[in-house]
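There are 2 protein chains.
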Amino acid sequence: MDEFVALANRMADTAGKIIQKYYRQPFDVDRKSDNSPVTIADSEVETALREIIAKKRPGDGVFGEEFGHQESETGFTWVIDPIDGTKSFMIGRPTFGTLIALCEGDVPKIGIIDQPILKERWVGVEGKKTKMNGKPVQTRQCKDFDDARIGSTTPMMFDKLEDYDRAFHIFERGTSNMVWGGDCYMYGLIASGHMDVAFEQNLSPYDFAALVPVIKGAGGHISDWRGDELTLNSVGKVIACGDPDLWPILERMILKSPY
Amino acid sequence: MDEFVALANRMADTAGKIIQKYYRQPFDVDRKSDNSPVTIADSEVETALREIIAKKRPGDGVFGEEFGHQESETGFTWVIDPIDGTKSFMIGRPTFGTLIALCEGDVPKIGIIDQPILKERWVGVEGKKTKMNGKPVQTRQCKDFDDARIGSTTPMMFDKLEDYDRAFHIFERGTSNMVWGGDCYMYGLIASGHMDVAFEQNLSPYDFAALVPVIKGAGGHISDWRGDELTLNSVGKVIACGDPDLWPILERMILKSPY
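So the protein lines, in turn, are chains G and V.
Residues 1 to 259 (the working numbering) are what the first sequence spells out, left to right.
Residues 1 to 259 (the working numbering) are what the second sequence spells out, left to right.
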């Protein structure tokens with residue numbers, strides 16, 4: 001597993017160098033989307049990471065946001081989101097990240113959340129303590145929903161009105177501690193014990209696979225909204241909480257809500 | 001005016017040093033709110049800045065988030081928000097900021113947005129070019145609403161349903177470029193030409209006074225939702241856009257919406 005982790009770190013290094021080149025570069029807002037800095041950076045990163053995988057682990061599968069799914073011959077699949085939080089990247093806000101996961105079958109075993117501008121990297125490995133920039137991190141205790149600092153990315157990620165209402169009324173009306181604009185960075189903040197809950201919908205496997213080992217290795221709970229383990233086949237309803245004792249409370253709130 | 005700007009910069013330096021001490025410090029989430037790091041940092045910063053003003057400009061007024069309004073004997077009033085974006089501060093996300101404005105009468109003449117973790121500071125002075133870390137900045141061109149990158153802090157800042165609907169349907173449904181979780185930092189991003197529009201409600205004078213010289217000095221438009229100049233007497237409905245040619249389009253959208 002150590003060799004896989006070293007390779008994943010090398011991939012994150014490569015991604016970061018490319019992203020730093022394009023971050024906050026001026027560009028015409030009416031430029032075609034296939035020619036914007038974020039689109040160029042996205043595809044340049046994924047191309048570079050696929051080249052590394054092809055050279056070092058030629059039989060492994062690759063599932064990336066930009067260039068789709070390449071089947072695995074080894075049982076291992078790399079799951080890549082070059083820039084998670086493209087809107088934050090586009091406005092020059094350093095809360096986006098590169099997500100790199102290694103799955104065995106459809107189960108995430110290694111996950112990296114890398115923020116290349118702030119130079120913050122969370123590395124999660126199944127069965128090991130999650131580290132941020134090489135130092136072990138631990139989620140914090142928070143057993144009371146009223147104390148929880150809760151995050152999501154945008155109300156519009158909840159595609160059905162009842163899902164949105166659920167998030168909105170339970171998670172926003174129910175607490176004054178709701179923060180929006182989260183992206184992958186908030187899962188790092190949960191792992192490091194600064195934040196308590198993330199609640200999202202409509203995530204793709206490349207959006208959440210890397211988060212699983214990071215949150216679990218820091219002592220937190222992460223699952224779909226029913227409490228089932230997240231795999232490459234999950235539908236993308238993701239809930240994470242730093243204190244596993246908070247999960248049963250959240251689960252009851254989700255079940256009780258009109259759905 | 002140069003002496004005022006030097007004093008404002010010195011105040012921002014002082015604020016930043018205090019905030020850096022408390023940022024991401026671990027604390028019990030069930031600790032009383034009057035004893036949380038953000039509350040301590042907030043009042044420690046405002047106390048320090050009031051001491052500087054009392055020493056250097058004893059007759060000036062002070063209007064701060066924490067300790068209220070001290071009347072001016074000179075015609076000048078310092079308007080201070082020690083930590084704008086307290087929720088971002090609380091979750092360890094470096095997109096909050098210290099806001100310092102100098103008003104003559106009720107009109108903002110100098111504004112500073114300071115992000116002490118990223119060490120980014122925007123300084124706006126009436127009639128001068130806004131600078132970020134000492135370098136002149138300029139908003140970018142964006143004449144088409146569909147191209148605009150739009151930000152707000154939270155949907156819940158819109159207190160009446162029609163206001164919320166207006167923001168939500170026009171500004172979110174109407175564009176795929178909406179970003180949440182903005183706080184004062186997004187006005188800096190507009191000044192630097194990375195973002196196009198900010199749209200907020202329920203801001204207090206200490207939330208928006210500093211933004212006015214920053215946005216105007218970078219070439220942008222900032223006003224209340226009717227297009228009137230923002231002063232200490234404004235009600236806190238704030239709209240800013242980097243390209244002044246976009247404002248008449250936004251104004252028509254606001255007027256046309258059900259209100």
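Misleading hints may appear alongside valid ones.
If chains are identical, the list can't say which one is meant, so a pair holds when it fits in one copy or spans any two.
[Stated by the list, open to error] Below are the BS3-like pairs computed for lysine-lysine, each with C-alpha atoms no more than 27 Å apart in a straight line: (1) 17 <-> 119; (2) 237 <-> 21; (3) 143 <-> 55; (4) 237 <-> 135; (5) 143 <-> 56; (6) 129 <-> 55; (7) 237 <-> 17; (8) 56 <-> 237; (9) 21 <-> 56; (10) 55 <-> 135; (11) 135 <-> 17; (12) 17 <-> 143; (13) 21 <-> 109; (14) 143 <-> 119; (15) 55 <-> 237; (16) 55 <-> 17; (17) 21 <-> 128; (18) 55 <-> 109.
Note that these hints are calculated values from the structure, not bench results.
Outcome of the hint check:
For the homomeric pair residue 17 and residue 119, the shortest alpha-carbon distances inside one copy (11 Å) and between copies (21 Å) are both at most 27 Å. In this assembly of identical chains, residue 237 and residue 21 lie within 27 Å of each other by CA distance neither inside one copy nor across copies; the values are 33 Å within and 37 Å between. In this assembly of identical chains, the alpha carbons of residue 143 and residue 55 never lie at most 27 Å apart, being 47 Å within a copy and 46 Å across copies at closest. Taking the closest pair of Cα atoms, residue 237 and residue 135 never come within 27 Å of each other, the shortest separation being 30 Å inside a single copy and 44 Å across copies.
Taking CA atoms no more than 27 Å apart as the test, residue 143 paired with residue 56 passes in neither setting, with 44 Å inside one copy and 48 Å between copies. Neither within a single protomer nor between protomers do residue 129 and residue 55 lie at most 27 Å apart by alpha-carbon distance, with minima of 29 Å and 51 Å respectively. Taking the shortest Cα distances, residue 237 and residue 17 never come within 27 Å of each other, neither inside one copy (31 Å) nor across copies (40 Å). For the identical chains of this complex, residue 56 and residue 237 are neighbours neither inside a copy (33 Å) nor across copies (56 Å), given an alpha-carbon limit of 27 Å.
Taking the shortest Cα distances, residue 21 and residue 56 sit within 27 Å of each other inside one copy (25 Å), while across copies they are farther apart (44 Å). Proximity of residue 55 and residue 135 under a CA criterion of 27 Å is satisfied in neither setting, with 30 Å inside one chain copy and 44 Å between copies. In this assembly of identical chains, residue 135 and residue 17 lie within 27 Å of each other by CA distance both inside one copy and across copies; the values are 22 Å within and 25 Å between. Taking the closest pair of Cα atoms, residue 17 and residue 143 never come within 27 Å of each other, the shortest separation being 40 Å inside a single copy and 33 Å across copies.
In this homomeric assembly, residue 21 and residue 109 never come within 27 Å of each other (Cα to Cα): the closest approach is 30 Å inside a single copy and 36 Å across copies. Taking the shortest alpha-carbon separations for residue 143 and residue 119, neither the intra-copy value of 31 Å nor the inter-copy value of 35 Å comes in at or below 27 Å. When the C-alpha separation of residue 55 and residue 237 is checked against a cutoff of 27 Å, the pair qualifies neither within a copy, at 34 Å, nor between copies, at 56 Å. For a Cα distance limit of 27 Å, the shortest separation of residue 55 from residue 17 inside one copy, 19 Å, qualifies, whereas the shortest one across copies, 48 Å, does not.
In this homomeric assembly, residue 21 and residue 128 never come within 27 Å of each other (Cα to Cα): the closest approach is 33 Å inside a single copy and 31 Å across copies. Only within a single protomer do residue 55 and residue 109 lie at most 27 Å apart by alpha-carbon distance; the minimum there is 21 Å, versus 59 Å between protomers.
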